[in-house]
Amino acid sequence: MKVKVISRSTEEFTRERSQDLQRVFRNFDPNIRTQEKAVEYVRALNAAKLEKIFARPFVGAMDGHIDAVSCMAKNPNHLKGIFSGSMDGDIRLWDIASRRTVCKFPGHQGAVKGVAASTDGRILVSCGTDCIVRLWNVPSSSVMESNDSSDKSVQVPLEEYVWKNAFWAVDHQWDGDRFATAGAGVHIWNHNKFCFNPVILLCSDKVLLWLSHDNMPLIYRSAPEKTFEWGTDTVISVRFNPGQPNVLATSATDRSIVLYDLRMSSEVTKLIMRTRTNSIAWNPMEPINFTAAYHGSLINQANEDCNCYSYDARKLDEAKCVHKDHVSAVMDIDYSPTGREFVTGSYDRTVRIFPYNGGHSREIYHTKRMQRVFCIKFSCDATYVISGSDDANLRLWKAKASEQLGVLLPREQKRHNYHEALKNRYKHLPEVKRIVRHRHLPKPIFKAAALRRTVMEAVRRKEERRKAHSAPGSVTTKPLRKRRIIKVEE
Amino acid sequence: MRDIISVTMGSTVRGLVEAKHGVEEGKIGEKDGLEENGVSLDDNGNDPSGKVEASVGSVNENEDVEVEDLGSEGDEFCVGDFVWGQLRRHPWWPRQIYDLHTRRIMLQRLNPKDDILARLEELISDTSSLSPPSQAPEPVTLVIPPLRDDFKPSCFHGWLSEEISEEIDIKVKKYLRGEGANLEVLQDKKLKGQLAVREELYGKSAKAAAKAEKWLMPSEGGYLEAEGIEKTWRIRQEAISREVDISSSRNQFDITLPDLGPYTMDFTSSGRYMTFGGRKGHLGIVDMKNMDLIKEIQVRETVRDVVFLHNELFFAAAQKKYGTEHGAVLRLQFLKNHFLLASINKSGQLHYQDVTMGQMVGNHRTGLGRTDVMRVNPFNGVVALGHSLGTVSMWKPTSSAPLLKVLCHRGPISALAFHPNGHLMATAGKEKKIKIWDLRKLDYELQNIPGHANTLDFSQKGLLACGTRSSVQILGDLSGAQNYSRYMNHSMVKGYQIGKVVFRPYEDVLAIGHSMGWSSILIPGSGEPNFDSWVANPFETSKQRREKEVRSLLDKLPPETIMLDPTKIGTVRPAKKKEKPTKQEREAEMEAAIEDAKDIDFKRKTKGRNKPSKRVKKMQETVAKAKRPFLEQNMEEEELLARKKQKTSEVVELPVSLQRFAKKKTLT
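Chains as they are written, first to last, in the working numbering: chain A, 1 to 490; chain B, 1 to 668.
Looking at chain B on its own, in the form it has when it is part of the complex (with noise of 0.2 Å):
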């Protein structure tokens, strides 16, 4: 729940309440204004909503209070009552109205060593500071979230601290990438303190992580939520444009370019800017923040496919004619983090190249034939390839045959697509059908949705876009139980075919790659809403992208740290046990080594030696060479266990009697 109640104060707190740049402004009526905003108050509590909502242009007007009683049947607010509000240079907070004379007490009923309690007090002592101490009953602003049933203002804190500490939890199991080590297995005290004393080290350090997330956040996240009998996926773009703010309302556009398309285009990691390229030979770059064209090349020659490289310096762009190292390529990726630029061609070729000494790293044919379905796994680095019989497969530079080969559809691939936290593909089949599949489990789908997909993508934030023919389609893991149903739809006009449809990183927005140029549309939540300056920063300047081309070079990784399972780097590979071979094993061996030596042709000699006589023995000969490793193995197993019995014999004590006849011990 999203509603924020926030009530008019006294008078005497005037001027304490500031404010809040955005929606909700809670604005402090005149001294007789008191009657005015208890009259509205009464009304809106009235109201069956419970509810005002406040508009984007409500700004100016002055009586713009949002109210919801607060349960109790009384028409103003009583002393001890909890409300939402926001005092001067704090946030929005719960705070309580209090009386003057009763605050001491209440204090002392506090525990201040509470964060959020010491909070509250300090607000308290804020505002009494300034209020003139004659005025006895001082209301104070504020809201509280919607409440349980079974709320007191006594069980406020715990409750609050519960629900906080419930968040952090789910945040901190985010962080720790995984369970921790098992340590009781361990025989070696000491190492077993030392990895006790890291894995509370990791704790700690997700701990914070999970907190900084809580708190420390410049942005949240976009969402789109229906209300009543509305759909989301009914929303149009339309509708949304109307609700956002302009320079959000600025991503919503289509660039009609006939000539040149179909599209295809790409963005930087950052999200900033984009690289397109025509079928025809259109080559350009633009800055997406202020819609500035960088570059714009005619290749006048096929474009297939473009793809941007480290940074927005580079891009390549896979042309008909200059494909000599790569062949005639129909799709490119790029691995950022191994430099690699991934491609595949016409007769079917996967090709690596590293970008930074532009040295072949690998070529693989794939040997299933012509396909333009490529994607990069951004989990690790795998290139994953869909084929006309509806397989996929898996590849890395490294080994020559696929790592893993999935029969996905019953026809041809028609996409692919990969959630960036690695664990879900998403293929669409010419069968018209599409699937969710989860790549540590790959027996079965996750999920078989109906539909027709051109082309796919996955948002930062799972969501997942289909494009066909004209019309896309955002499927949303809504429920959060990896169960894909509809989010968003959007058309356009007839007769348009989509070629590529691509998340904008960092942003609430999809590009729509088509024949007839490309477009931009708002898809509320799909994007990541905090950026990491090191990792992608979308406000880049030039010398910062410098310092990040170095740094990125220094950390580029080899070819080799392509693998399925990428946590396994840096791991110790258990030992492997030597398992003996059984008798059997080890006879249907011998079996096969005479066989083996049976079936050698011997030269034929002359001179006599070439008589039958000879060469039976000569095979008997190579015969028993064979057998000779097997039976000599077997001997020695047998010594060896005749020794074990002779020893544990020994150790048998024979009845006193007969001691005296035993062989003698030698002393030590």
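Only chain A is shown next, with the shape it has when bound in the complex (with noise of 0.2 Å):
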């Protein structure tokens, strides 16, 4: 007879010491854990609704502006900084952490329409309804660190290009010197290599007064380096290809879309829609993956009939994709930095977050003292989302509602990942589905909605109704991908 018994002794499966570690075995048999999966919805389940009640996503406002936050740009050397202009021709650079004003820019006459940071950090572009183009030093990181929030720097700008028209927008060259305005047309500046044509004095234009080395007074006027024009309208905004640094993509109030290359002489695309185009933002990931054969690639833009349109650059005649959610005019459109995701802020008073390849938002953020959203950022971290709107200040948002900030501990974080994967698991199951989908809309926001439903459904209806009634074939729909898009122009 062979026999042997479980026999475990006190001292093997205890901790020795109170100081130690309480022992920890293992055994992964199916059996001692009966209905694993009831438990795991449940635990789903609780996930699911646990991300809701953590949903806090305001983080704060900046206030300090006298009028509406008109545009901004991001500090590239600093992830806690950005800069923002206003209406009243107010540019202010922020510390996001602290959420106070760092340094301000005084010297726009007229509402600041674009500011544009260059990659490297160091200048900081600003232009606006003034006609003049003023580059500035961005202050040094010191400034950024310093904790004193009574002594507000004041900085003067480094140069002033006067010019002829307003300007709308402006855009600095991801890698280089250039960066590009626009308004009456696209104009491309170099700030390094200035052009200096000597004008006459009592010119009628404004003049400038430089001394030259040798202190003799010289008058020059700056001027672009290169200028495009495609009709008659204005470029309301501009934007330049993450990946190739010399293409960039316009918009203009004669609802066109066009394509420049910089080392062509001409305009590479146009694309005309039915509404115009607020706002453009290149994927700053896809572009790599294309960047070797063609120029550049995705496109996304807000358009006032309040969807956004996904672009691949190359192929211009339809669009990727359809994001619709917004119930009024979007006005600025940000990539995260990882290109997944790009947010939204709408005149609707609502920022929202998209899919970069889904139709419907992720998230919608509102509050009630947040008006129309003019621009939107999403911090170079992609943590974080800033917005800039009609009520004078700059509000802050975490990019993932139910996100904890800080510090995570080793544990907090596997809970985390372990809730991630229980809700990404169930995702389709109706009670999670409905609790994860669930917002609360303010009334005007989900009144439209539901109006904009109701209308669609009737478009769509009657353009059954007309199908079912012509003979078959004489009525085509075309799909929302191309519906919008009148003709490309090569």
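If you are wondering where the hints come from, they were derived from the structure by calculation, not from laboratory data.
Among the hints, erroneous ones may be present.
[Unchecked claim] If you anchor each label on the Cβ, the simulated ranges turn out as follows:
no.: 1; chain 1: B; residue 1: 293; chain 2: A; residue 2: 15; range: 23 to 33 Å
no.: 2; chain 1: A; residue 1: 459; chain 2: B; residue 2: 596; range: 38 to 48 Å
no.: 3; chain 1: A; residue 1: 459; chain 2: B; residue 2: 207; range: 48 to 58 Å
no.: 4; chain 1: A; residue 1: 427; chain 2: B; residue 2: 179; range: 18 to 28 Å
no.: 5; chain 1: A; residue 1: 469; chain 2: B; residue 2: 654; range: 44 to 54 Å
no.: 6; chain 1: B; residue 1: 169; chain 2: A; residue 2: 10; range: 33 to 43 Å
no.: 7; chain 1: B; residue 1: 191; chain 2: A; residue 2: 268; range: 31 to 41 Å
no.: 8; chain 1: A; residue 1: 447; chain 2: B; residue 2: 642; range: 17 to 27 Å
no.: 9; chain 1: A; residue 1: 412; chain 2: B; residue 2: 192; range: 28 to 38 Å
no.: 10; chain 1: A; residue 1: 489; chain 2: B; residue 2: 191; range: 31 to 41 Å
Even for Gly, the Cβ is constructed at its ideal location relative to N, Cα and C.
From these two lone chains plus the hints, build me the complex, please.
Written out as structure tokens, the structure is:
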């Protein structure tokens, strides 16, 4: 006879001293965990509920401007720095961490319509309705680090270029010294190589006095390196391609989107839509995939038909994806540095975050006090969203509404990961889906969305009936991805 | 085969082999003792049994060396032989006797990347570093499991790894929890890719779990093996107690409490605590690890059943007076995932109470008479009741009709038990039959064993205890083919009436509640040897208990999750295909509707409206009204059919000469 029975000595299975950690033994046998699937489902449900409970996206507001915030630019050198321009000509540099103004850039007379920082983070370009482009030195990092809130340093412009027309937007090349301004046309400037044109004193234009190295007064007027004009309409937005430094996209009031290449004398492509485009953003991750053979790839644009359209720059006759959820014009758009999401600010007083390939938004942010959103930016670490609105405030939001801020302990991190995985696994089940998707909307937006749905439904029905009552094949419906496009010119 | 052979090694490796604290012990002989050992080796080699048993108390004996000749006729080991042995800091492992000169050549032949061989090499280098280099042929101790005939040292590694991978493959199957999804049918490439990645991850984690089980488990399961003409069921408890260690033999005891019996009992899920209830009101909780009586109460009324709730602090007793919400309860069961206390009372009502909120979740009249046979299937939380007419009915709290009714026996059912994997059910009938059922296929029983049982219980490892009168029989699925046969027997003093048998979780112990108290016996191989600290921890501290209570409350399952197949939860219900009714069905439906319409009794009206003609007209109208939807539907379908026909006819191309007369298609 051979016999053995289970015999456990307490010493072997418990800790020796009270300072020791408790010993943990694992046995992954499915038989000792009964109904594991039901337990997992309940955990997923709880995780979804917890996500809702902890969803507090609003971090804080940054007030200081005395008029609506019209434009913003990220500070590429400083994660916590952001520039904002206001309708009253005020430009400020903000410290997001302490939510205060670090530096002011006074000088513009009318509204500032565009600010952009160079990629090396040394130069800030601003332009506005006063027909002047100003270059500023971005203050050193020590200013960002200083904690004294009382002393707001004031900068003087490095350069001022005066031009003939008001400016609507500016964007700096990702790799290089050029920047582009949009107004009556698209002008390309170079901030290192000034193109000084000697002009005669008492000329009708604004005149600047420059001293040459031999202290002889010289009169120069700065001029753009290059000018593109296609039609007579005002260009309202301009964005450089992050992958190809020489490619830029603009949108104009003639409802067109135009792609330019700086190496060419003329335009590359022009796309005309039914409504005008307010803003354009390049996907920062996708151009890398395509740069080799083609000039860029995806553009997102905000239209006044409340939708955003993603395009492939090589194939403009059809949008890649239509992102719809806003109920009023989308004013600005910005991609997350990850390229997987983008954020939009809308005239309907909300901010929404869309997946780059999804038709509907993942998140909507709103507060009672936030008015029309004019500009929106993703922070450089993809954790925050900054919105500038009509109520002269910048607002700071978390990109993931229920994310826990601060340093996470490894156990906390594991817990979050586990919850995330659970939610992902059971996201198709009705109860989990309902909880995860549900968002409380302000009444006007809810109603407007309902109205919009009704109208769209009516249009669809009408279309269907028209189709049913006409000769087969005589009425065709264009897919939504093509419907807003009128033509593409090469 | 568990024959372990250990061999003495030469004095050169003296001190390298350490005593393994246990039964087998390789002692190192003195320098001159080598010959001695060689002699003993020879003797043992000629021993017909080929093996010497190690006795428990042999630790003190110096010359206690167990040896088996490895098949070669020589009386000593040759260089190149494989033996089983242990070196300091290393577990028991196959080793090879080698010669220092040939070592380098041998190592070159071995692939250093393989785990086992790398380990061998490591061991070899370990010994050589400690041994004086002058002594050339250097024996190392070793042993191998009994070899196959075709065994050669060169094929040793391949054979071993093959064996291990086979074993792991079987375990992986357990952790995979069923077949993977069939991805070939999917059209969506992206989804297919995502799912393929997921399946791969599942495979990996199952493999990791299988490996962890193979190598990392702290304890091994118990076993009882007969030798020669012995039979396991003839082995008595006294014989077992002589063989096992003292702490285990403490688990064999009888507690005689003649006044307040018969006793019933229940264990916590970790097996650490036991609650008992005497019929005449004797309640208590015992800590089974150190045999402490934690609590003892005399409630001075009939107690019919006791059950632990989620931890050892709470237990429920079916008392005669205090069953207000549940009635006169006969049996209690606790569903620990749902925190539901299920009870069956004298009038055959099944109650479910949520013990966290105190709310009654379900109250079903079974309508099948009084019964005291109730068990919860731990796999899915379904409560099964055995009835006096031979049926077993299964219930869930959210439906008042049974999920299932099975006619199991031709007489009253006396006991019922579920296998922990949830697929087997054992029932015992009063007609002296014990039947084993597969719950996935209830058409017929898997096995029909003659025998009588008042009480049944499955152990964690699947042994089935049947208690009747004063004896307990343990059946075991020894062949692994779901064929239960005798494993052990235990008889108590004549006249004791066994009321309940319960296996103690995570121990090889069976508790028997009977009319004179309760007893505990050893059943080797019944319990799960390895516990999971997060599931049920026998060594739980109070802090851990508190934390676990909170966690289990967070994971409390709603009563809707109780269903026959719990793996369905979390899956998407396939869309039902709406089947069109056939023409006959539709006609039958219409006729039924007409009949119904004809049966309507009209109110008798006054003032000339009650004329027979009017009544007939009204009747006709109602019939027409009833017919109308069916006729309309028919018409619609005909129209659709006609349109389809027209379309198909349009496609048919006319001969060229006639095409100019054809209806012109509108241009797009």
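Consistency of the hints with the structure:
no.	hint	in the structure
1	B:293 x A:15: 23 to 33 Å	holds (26 Å)
2	A:459 x B:596: 38 to 48 Å	holds (44 Å)
3	A:459 x B:207: 48 to 58 Å	holds (56 Å)
4	A:427 x B:179: 18 to 28 Å	holds (24 Å)
5	A:469 x B:654: 44 to 54 Å	violated (27 Å)
6	B:169 x A:10: 33 to 43 Å	holds (36 Å)
7	B:191 x A:268: 31 to 41 Å	holds (37 Å)
8	A:447 x B:642: 17 to 27 Å	violated (46 Å)
9	A:412 x B:192: 28 to 38 Å	holds (35 Å)
10	A:489 x B:191: 31 to 41 Å	holds (39 Å)
Comparing the model with each earlier hint shows violations of hints 5, 8; every other hint is respected.
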